[in-house]
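Undergrad: Spelled out from the first residue to the last, the chains are:
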Amino acid sequence: MTYPEKFRYTKEHEWVLAEGDTGTIGISFHAQKELGDIVYVDLPKVGAMAEKGKTIGSVESVKAVSDIFAPVSGEVIAVNELLTTSPEKLNEDPHGAAWLFKVKLSAPDEVAGLMSAADYAGYAGDE
Amino acid sequence: MTAPATPLRKTPLNATHRRLGAKMVDFGGWDMPVQYSGLLDEHRNVRTAVGLFDVSHMGEIEVTGTEALQLVNYVATNDASKLSVGQAQYSGLLYEHGGFADDILVHKVADDHYFLCVNASNQDKDYDHIASHNTFDCTVENAGGRYAQIAVQGPRGLDTLQKLTPVALAEIPYYHFKDGTVSGAPARIARTGYTGEDGFEIYIAPEEAPRIWDELMAAGAEFGIKPAGLGARNTLRLEAKMALYGHEIGASITPWEADLAWMVKLKKGDFVGRDALIKAKDAGLSRKLIGFEMVGRGIGRDGYEVHLKGAPAGWVTSGGPAPTLNKNIGLCYLPLADAEIGRAIHVMVRNQPVEAVTVPTPFYKRAK
Numbered sequence: 001m002t003y004p005e006k007f008r009y010t011k012e013h014e015w016v017l018a019e020g021d022t023g024t025i026g027i028s029f030h031a032q033k034e035l036g037d038i039v040y041v042d043l044p045k046v047g048a049m050a051e052k053g054k055t056i057g058s059v060e061s062v063k064a065v066s067d068i069f070a071p072v073s074g075e076v077i078a079v080n081e082l083l084t085t086s087p088e089k090l091n092e093d094p095h096g097a098a099w100l101f102k103v104k105l106s107a108p109d110e111v112a113g114l115m116s117a118a119d120y121a122g123y124a125g126d127e
Numbered sequence: 001m002t003a004p005a006t007p008l009r010k011t012p013l014n015a016t017h018r019r020l021g022a023k024m025v026d027f028g029g030w031d032m033p034v035q036y037s038g039l040l041d042e043h044r045n046v047r048t049a050v051g052l053f054d055v056s057h058m059g060e061i062e063v064t065g066t067e068a069l070q071l072v073n074y075v076a077t078n079d080a081s082k083l084s085v086g087q088a089q090y091s092g093l094l095y096e097h098g099g100f101a102d103d104i105l106v107h108k109v110a111d112d113h114y115f116l117c118v119n120a121s122n123q124d125k126d127y128d129h130i131a132s133h134n135t136f137d138c139t140v141e142n143a144g145g146r147y148a149q150i151a152v153q154g155p156r157g158l159d160t161l162q163k164l165t166p167v168a169l170a171e172i173p174y175y176h177f178k179d180g181t182v183s184g185a186p187a188r189i190a191r192t193g194y195t196g197e198d199g200f201e202i203y204i205a206p207e208e209a210p211r212i213w214d215e216l217m218a219a220g221a222e223f224g225i226k227p228a229g230l231g232a233r234n235t236l237r238l239e240a241k242m243a244l245y246g247h248e249i250g251a252s253i254t255p256w257e258a259d260l261a262w263m264v265k266l267k268k269g270d271f272v273g274r275d276a277l278i279k280a281k282d283a284g285l286s287r288k289l290i291g292f293e294m295v296g297r298g299i300g301r302d303g304y305e306v307h308l309k310g311a312p313a314g315w316v317t318s319g320g321p322a323p324t325l326n327k328n329i330g331l332c333y334l335p336l337a338d339a340e341i342g343r344a345i346h347v348m349v350r351n352q353p354v355e356a357v358t359v360p361t362p363f364y365k366r367a368k
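In order, the protein sequences belong to chains Y and L.
Here the first sequence is numbered in my numbering, starting from 1 and rising by one per residue.
Here the second sequence is numbered in my numbering, starting from 1 and rising by one per residue.
Think of the hints as simulated: they come from the structure by calculation, not from any bench.
There could be a bad hint or two in this list.
Which chain Y residues face chain L? A few, computed with CB under 10 Å, are given here [said to hold, decoys possible]:
no.	residue
1	E12
2	Y40
3	S58
Taking lysine-lysine pairs in the BS3-like style, the calculated list, with each CA pair at most 25 Å apart, reads [as the list claims (entries may be wrong)]:
no.	chain 1	residue 1	chain 2	residue 2
4	Y	K33	L	K82
5	Y	K104	Y	K45
6	L	K281	L	K327
7	Y	K89	L	K23
8	Y	K33	Y	K104
9	L	K309	L	K279
10	Y	K89	L	K327
11	Y	K11	Y	K52
12	Y	K11	Y	K89
13	L	K163	L	K82
14	L	K327	L	K82
15	L	K82	L	K10
16	L	K23	Y	K11
17	Y	K33	L	K327
Derived CB-CB ranges, DEER-like [said to hold, decoys possible]:
no.	chain 1	residue 1	chain 2	residue 2	range
18	Y	E34	L	R211	43 to 49 Å
19	Y	E75	L	M217	52 to 58 Å
20	L	R343	Y	A117	50 to 56 Å
21	Y	G122	L	E141	40 to 46 Å
22	L	P166	Y	P4	53 to 59 Å
23	L	P206	Y	E34	30 to 36 Å
24	Y	Y123	L	A143	43 to 49 Å
25	Y	E88	L	M217	23 to 29 Å
Even glycine gets a Cβ: it sits at the ideal position worked out from N, Cα and C.
The task is simple: from the sequences and hints, build the whole structure.
TA: Shown next as C-alpha cells:
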C-alpha cells in the first residue's frame, strides 16, 4: 500500500492533511482493512472541540467498534455527511472521498509531531 | 504483549485457512478464521448460495452402552427417548441450580450409542460434568480429537455435498443424519446447522479434513461456494435467533428465561436441574430474552445496557448489524412484564440512550 506523502499519521491509524489552518482527518487504509466491512460512523458535531489524543467519534464494522482519536486539536468545522448514508465508502476510499471531519487547527505544531508516510507504512506493516 | 499461557489450539484445517488468506483470531483458545473474503460477502453468500465453515473446534462426546439413553436423559433437558436412530435433537446440559452448563446436539446412532456435539470451549467441562453423573451401565468418551467437523450451509449446500457422497441427501430430513462416506472417507452427515439456512454438518476423521475441504470447494465452485468464517457464522445465527453460549445462555440463565422451554421435558423423569427448574417456574420468572431492532442511529452490541423509562432494566446478549435485513438487531434480557413485542426501549450506546423497539423473532426465516 502507498500512503499519501502529504498526510501525517498517528499510531492509532488516523491521518491528517494540514492546509493552512485547516486539518482534514481520516482513517488509514490499514485501519479500514483491519476493521473489515464498515457499517456505521459516529462523527462529532460541527462546533465540537477536538483534543489531541482524545476520543472524538467511532467507526463500527459488523463485528467491532473502534474509537476515533483526534490526531490534532481544534474546533470541528465540517463533517463528511457522505459517511452517514454510505459508511462503506470508508472501505473503498479512506484516503479520499471518505475523510471524516475537518478542524480549525488550534495548535498547528502538533501536525509535525506525527508520522510521515514512510514511517507509517513501516509501522502499519501492510504487504 | 505477553505470550498466552497456553498455545492456541489448531484445527486440522489451520494451514488451509492460512493458505486462503483468512484473518485468524483467538476464539476461546482456538486459532480460528474470523473472515476470508469479508464478513458481509460471506454472510450473503450463505443466504444465497453456499458457504463452507470449519467447525472442527466443536467438541464431540460419545455415550455408549446398554444404559446410554438413561445417562443422556439424566444429564440433558430434552427427551432423548423420543429419538429414532438417525435423528438429532437440540438439548440443554444444566447444573443442579437450573443454569446452563452448555447447549448441545444429541444424535442417536444406535439404541446403545448417543453422539453429542458440544461447544468448543465447554467440551472438557461438559465431559467432566457428564462423567460425574455416570452411575449407569455405559461409557462416556471425550472424543473431540477423533473428529473434524465441516459445515456446508446455504441453499446450494445439498447440491455441493451430493457430488461427493453416495448418500441420498434429499432423503435426510432436517435434524436427521446418516452415516456414509464423503470423498470416499467415512463421514457422519447431519442435516443441521447454525445459520438459519438449509445445510449439512459433516463429522470426519481429522486427517481427511484438508482433502475433503478442498474437494468441497471444488465441488461447490459451480454454485458459487466460498469459505465463511466465525464472523459470518455469528451474524447468521443471530438473524436466525440461535443461542450462543456465554451470551444468550450461561450458568446464571435457565431455559425458561432463554425462551428455550421447548427443549425441556419435565415429564420424562428426573434429570440434573429439574427440581430447580420446577421451583423457578413456580416462583415465576423475573426476566426473559426478547429481540429488538434499533430505531435511532446506533448499533446495540453485546453487553450494552438496556433502559426502560430512563432506568437500567436489562442487557444486550448479542447485537449488531443484520446483513440480510439491513437493520441493526439484537437480543436482550428484560423484566418479564416488559418482555413484550412492541415495547419502546433504549440501548445505551457509549453512554447515550438510542431508541429501539422489541420485535418478534426469529429476525430471519428462510422460505421453505
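Undergrad: All the hints need checking, so say for each whether the structure fits it.
TA: We went through each hint and held it up to the structure:
Of the supplied interface hints, the one on E12(Y) is violated, with its beta-carbon coming no nearer than about 17 Å to a beta-carbon of chain L, more than 10 Å. Annotation: interface hint on Y40(Y) holds; nearest CB of chain L at approximately 6 Å, less than 10 Å. Taking 10 Å as the C-beta contact cut-off toward chain L, the hint placing S58(Y) at the interface holds, the least distance being around 7 Å. Between K33(Y) and K82(L) the CA atoms are separated by roughly 49 Å; this puts the pair beyond 25 Å, and the hint is violated.
Between K104(Y) and K45(Y), the direct Cα distance comes to roughly 14 Å. Compliance with the 25 Å bound is thereby established for this hinted pair. For the hint linking K281(L) to K327(L), the alpha-carbon distance of about 34 Å lies beyond 25 Å, and the restraint is violated. Annotation: proposed proximity of K89(Y) to K23(L) holds, straight-line Cα distance about 21 Å (limit 25 Å). Restraint check for K33(Y) and K104(Y): the C-alpha separation of about 29 Å exceeds 25 Å, so the hint is violated.
At roughly 31 Å between alpha-carbon atoms, K309(L) and K279(L) are farther apart than 25 Å, so this suggested pair is violated. Taking the CA atoms of K89(Y) and K327(L), the gap is about 18 Å. The hint holds against a cut of 25 Å. Between K11(Y) and K52(Y) the alpha-carbon distance is near 13 Å, which keeps this suggested pair within the 25 Å criterion. A distance of roughly 22 Å separates the Cα atoms of K11(Y) and K89(Y); the hinted pair therefore holds under the 25 Å criterion.
The suggested pairing of K163(L) with K82(L) is violated, with an alpha-carbon distance near 32 Å, which exceeds 25 Å. Taking the CA atoms of K327(L) and K82(L), the gap is near 39 Å; set against the 25 Å cutoff, the hint is violated. A distance of roughly 36 Å separates the Cα atoms of K82(L) and K10(L); the hinted pair therefore is violated under the 25 Å criterion. Proximity of K23(L) to K11(Y) is assessed by CA-CA distance (about 21 Å); at most 25 Å being required, the pair is judged to hold.
For the proposed pair K33(Y) and K327(L), the alpha carbon gap of about 23 Å is at most 25 Å, so the pair holds. Between E34(Y) and R211(L) the beta carbons are some 32 Å apart, a value that contradicts the proposed interval 43 to 49 Å. At about 54 Å, the beta-carbon gap between E75(Y) and M217(L) stays in the expected band of 52 to 58 Å. In this structure, R343(L) and A117(Y) meet the distance hint of 50 to 56 Å, their C-beta atoms being roughly 51 Å apart.
Roughly 51 Å separates the CB atoms of G122(Y) and E141(L), a value that falls outside the hinted 40 to 46 Å. Checking the proposed 53 to 59 Å range against P166(L) and P4(Y) shows it holds: the Cβ atoms sit about 58 Å from each other. A hinted range of 30 to 36 Å for the beta carbons of P206(L) and E34(Y) is consistent with their spacing of about 31 Å. Between Y123(Y) and A143(L) the Cβ separation comes to about 46 Å, which falls inside the hinted range of 43 to 49 Å.
One distance hint, 23 to 29 Å for the beta-carbon pair E88(Y) and M217(L), holds here, with the actual separation near 27 Å.
In this structure, the earlier hints numbered 1, 4, 6, 8, 9, 13, 14, 15, 18, 21 are contradicted, and the remaining ones agree with it.
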